[in-house]
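Working from the sequences, and respecting the hints, build out all of it.
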Amino acid sequence: MKEQCPFAEIENKWQTFWEQNGTFKTDISKSGKKYYCLTMFPYPSGTMHVGHGRNYIIGDVVTRYKLMHGFNVLSPMGWDAFGLPAENAAKNLGIHPKESTKKNIIHMKRQLKEWGVGYDWDREVATCHPEYYRWTQWIFLKMHQMGLAYQKNAQVNWCELCTTLANEEVLPDGTCERCGKPVTKKELKQWFFRITNYAQKLLDDITMLDQWPEKVRNMQANWIGRSEGANINFTVTETGDPCPIFTTRPDTIYGVTFMAIAPEHPLLAKLIRGSKREQEVNDFIKRQLMVSAAERSNDSSAKEGVFTGFHVTNPYNGESVPLWVTNYVLMEYGTGTVMAVPAHDERDFRFAKQYQLPVKVVIQNPDNNLNGSTMTEAYIGDGPMVNSGPFNNRHNREAMHDIIQLAKDKGFGDFTITFRLRDWLMSRQRYWGAPIPIVHCPKCGAVPVPEKDLPVLLPDDVDFRIERGNPLASHEKFINTTCPSCGGPGRRETDTIAQWLCSCWYFLRYVNPRTTDKPFNTGDINAWLPVDQYIGGIEHAVLHLLYSRFIVKVLHDAGCCSFREPFRALFTQGMICKRSEKDGQIYKMSKSKGNVVSPDLLVKQYGADTLRMYTLFIGPPEKDAEWSDKGIEGCARFIKRIWRRVYENKDILTSSEKYVCKIKEMRDKERDLYRKLHETIENITQDMETGFHFNSAIARLMELANLMDDSGINTGSTEQEKAVYRTAMETLLILLSPFAPHIAEELWQELGHKSSILKTQWPVVDKDALKRDELEIVIQINGKVRGRITVPAGIDNKKLEAAALENETVQKFIEGKPVRKVIIIPGRLINIAV
RNA sequence: GGGUGAGUGGUGAAAUUGGCAAACACGCAAGACUUAGGAUCUUGUGCCGAAAGGCUUGCGGGUUCGAGUCCCGCCUCGCCCACCA
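Our numbering puts the first sequence at residues 1 to 834.
These aren't lab readings, by the way, just hints derived from the structure by calculation.
Watch out, some of these pointers could steer you wrong.
Quick list of the computed label-pair ranges, beta carbon to beta carbon [as the list claims (entries may be wrong)]:
| hint | residue 1 | residue 2 | range |
| --- | --- | --- | --- |
| 1 | Thr515 | Gly180 | 29 to 37 Å |
| 2 | Tyr150 | Lys270 | 34 to 42 Å |
| 3 | Asp651 | Phe17 | 23 to 31 Å |
| 4 | Thr47 | Gln354 | 50 to 58 Å |
| 5 | Met331 | Thr515 | 42 to 50 Å |
| 6 | Ala569 | Thr47 | 26 to 34 Å |
| 7 | Gly180 | Lys518 | 45 to 53 Å |
| 8 | Lys270 | Gly180 | 36 to 44 Å |
| 9 | Met331 | Ala473 | 21 to 29 Å |
| 10 | Arg772 | Lys591 | 51 to 59 Å |
In silico lysine to any residue, SDA-like type, Cα no more than 25 Å apart, as pairs [claimed, not checked]:
| hint | residue 1 | residue 2 |
| --- | --- | --- |
| 11 | Lys604 | Asp629 |
| 12 | Lys771 | Asn683 |
| 13 | Lys270 | Leu330 |
| 14 | Lys410 | Ser320 |
| 15 | Lys821 | Arg788 |
| 16 | Lys186 | Val306 |
| 17 | Lys185 | Lys270 |
| 18 | Lys189 | Val306 |
| 19 | Lys201 | Asn231 |
| 20 | Lys103 | Lys186 |
| 21 | Lys91 | Asp461 |
| 22 | Lys650 | Asp709 |
| 23 | Lys477 | Arg788 |
Backbone N, C-alpha and C fix where the C-beta goes; we use that ideal spot for every residue, glycine too.
Encoded structure:
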């Protein structure tokens, strides 16, 4: 017998075996039941910590479990390889993104293999490869062709050195996260995708996602943010300019006492030019535009405003109310103009009080008569309408429809639905991304690059000096080209495609990763999609998962696929956190907090199987977990124990004799272990099928192993001892194999099996094994446990009741008190109420 | 402010969905084998109590024969969205 489990050797052996035998290779044309198990591909940042590892290990357990159920499983992996960190490294350290990305991919791939995670590496993709981004560009063109890609001027966060910044890259003090320079707003012509055209579909089809976490579905619904209301056309009293507003509360429209407009609103610029208050209003606008996005969106920041000198006329009652420019109206939502009803809106009320604007009650509180001049807070409840012309005395909710209908009839408004969702900004002023396949021609405008000319290659020889901004923008060889339409001189678009687009169609590419004449084969993706199980972090609940749904819907409408949703079931795993030694707080693992646990060291110290098991045993996979360096010992001990037991009992386990489990011939101790074995099969299977209760599944394996030790039947003195022990050990290995595959394969082979344990069918429960001759019944008196009796299985209730009442301790507690009621839960307990 | 999840031993947690609370593991304590143990094994380990027994799932109420689980109210914490008209 080997003294110690040589896990490094074993892991190497089996990882090589799986690779050489193509264990995880998928023949997509094979008939039979398919299963597409997908774990979100990573950004190749360099190294992965145990928190990242959890993700892939969960996916691997599912893959192996499904393989053992005879599914044709597709389990691919790739790299979301375009991104800012690589470009920063180039600017700061002088390493080309191509090189750093390549290096990082090699390292991370090694890590995945070390963990024994099984993928079909023949299907590997990296979004930064021209063979891949060619088709990302193709999708851009498809969008353009369908009228879903367009250009418009938009405000971006702009740093003179680092070019465009995402909101997340702007510090709360309004400076650039990277270089510390002030961030300003800059208007740039940008490409957008009309995801808003699909807002309703994206919202409606959430109902199809019944195997997604409710939380994610809610987050998406909130993000899409549908509001029903009305558009009402006010007009500027002095000039007659239209001033439309959107409201969800048309029932308060007679209570409008002022109008609020966003500082960026074009109407405002038009009105104030040359007006009396131009100076004052302009000062206010300038001040607002300088405030950083983060600061402005801070709820606690003061509400400010300035009277513009203009008024608007309310089409319902002809009243003219002052027009104020304020910092709390968003240009991007609704019409950028808000009708203010201080009496019935919290924010409008506070603003009105601050600037002494009138408060006009138009909905009466049935419980407490409201008075506009004495109110201390807005009344947002319901009640009969007052001061509202033809709608007086009607209930506000009930009148809502007629109020909008009136506007429609008179031609100054209509029913409207507004979404919070905005069009998707596609342009990035960055180098490390797929070039937008557009040529700007002075004659023909923005001309799409013909499909046959794809990919538009990203040049390698660019200048990464920080002061040059986007390296592509100064690469004249790249920029100068001919117009695909007229053949005259044209200039290439130098913005690149947002990384999000690269990652929201990769699950299609995995099906046909090497086709060179199209992104995918429609017949094949129709057969393999939707993804049966998608696994990843909750942080993608909105962006990636919403974008992917959008792209699939567009491809569906373009006739490229028959499915409407990309992911049938979604599992979002929790993060692994660790207490920081610096301040004792618990954080998710990050380099800056210094609480990263390296799986590489743990693999060396304990082996991959132990790391995998502990990662799963630490807690329910959908919840965050706190890493403990001590806790891993338990899993290490368990694996070593199984290892020893196999060698200690090798005679029984590998004997050429055929042992058959026969319940009738078993004594109690064999019978008990045999029952436990089948209970374990039943429970683990349930753990796997209903939610991913891997932590419980592993606990049950430990229980089984404990009973195998405690039952004392491994001496093999009778045939049934041998039969049951051997069956239990073999089954234990099969059940263990998704979690600790290397050791399971090794011991499986040690027991004389020739093929991979993955080729074994998942064990099936023997219902007879679960039966019991005798049952222990708990006796409760008034709901408290007072004793227990052992009775034959199937005893009738009367006999059980009699037996319980005879019980000594029961007698003691009853002590002649009258028995009021007896509740019997068959096979479980009996409760006597006295 | 809106949405959402959670609160169980010294620790990570479990509880067949209303039926024996604390499975499994860590840690700790005592012991065995050892030159030694950070290997392995055995025993113990929710709290109070000498014991009988009592108490215990954030707090307070309720439904029920029976509540960690369901209902009502409160407290605390987490995450997501947030000036959305």
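For the hint 36 to 44 Å, verify it against the beta carbon of lysine 270 and that of glycine 180. holds (37 Å)
CB-CB spacing for alanine 473 and methionine 331 relative to the 21 to 29 Å hint: Given a distance of about 28 Å, which is inside 21 to 29 Å, the answer is holds.
Note whether the CB distance of glycine 180 and lysine 518 lies within 45 to 53 Å or breaks it. holds (47 Å)
Lysine 821 and arginine 788: Cα distance at most 25 Å? At roughly 18 Å apart (the allowed maximum being 25 Å), arginine 788 and lysine 821 satisfy the hint.
Could you say whether the range 29 to 37 Å given as a hint is met by the Cβ separation of threonine 515 and glycine 180? violated (47 Å)
Go ahead and decide if the range 51 to 59 Å is satisfied by the Cβ distance of arginine 772 to lysine 591. holds (55 Å)
Run the distance test for lysine 410 versus serine 320: straight-line Cα separation, threshold 25 Å. holds (19 Å)
Tell me if the straight-line CA distance from lysine 201 to asparagine 231 falls inside 25 Å. holds (22 Å)
Take the C-alpha atoms of lysine 189 and valine 306, compute the straight-line distance between them, and say whether it is at most 25 Å. Between lysine 189 and valine 306 the Cα gap is close to 30 Å, so the pair fails against 25 Å, i.e. violated.
Cβ distance range 50 to 58 Å for threonine 47 and glutamine 354, holds or violated: holds (53 Å)
Below or equal to 25 Å on CA atoms is what counts here, so check lysine 103 against lysine 186. Roughly 36 Å between the alpha carbons, so the hint for lysine 103 and lysine 186 is violated.
Hinted pair lysine 771 and asparagine 683, Cα distance within 25 Å: Given that 25 Å is the threshold and the Cα spacing comes to 15 Å, the pair holds.
Of the numbered hints given earlier, the model fails hints 1, 2, 18, 20, 23; all others are met.
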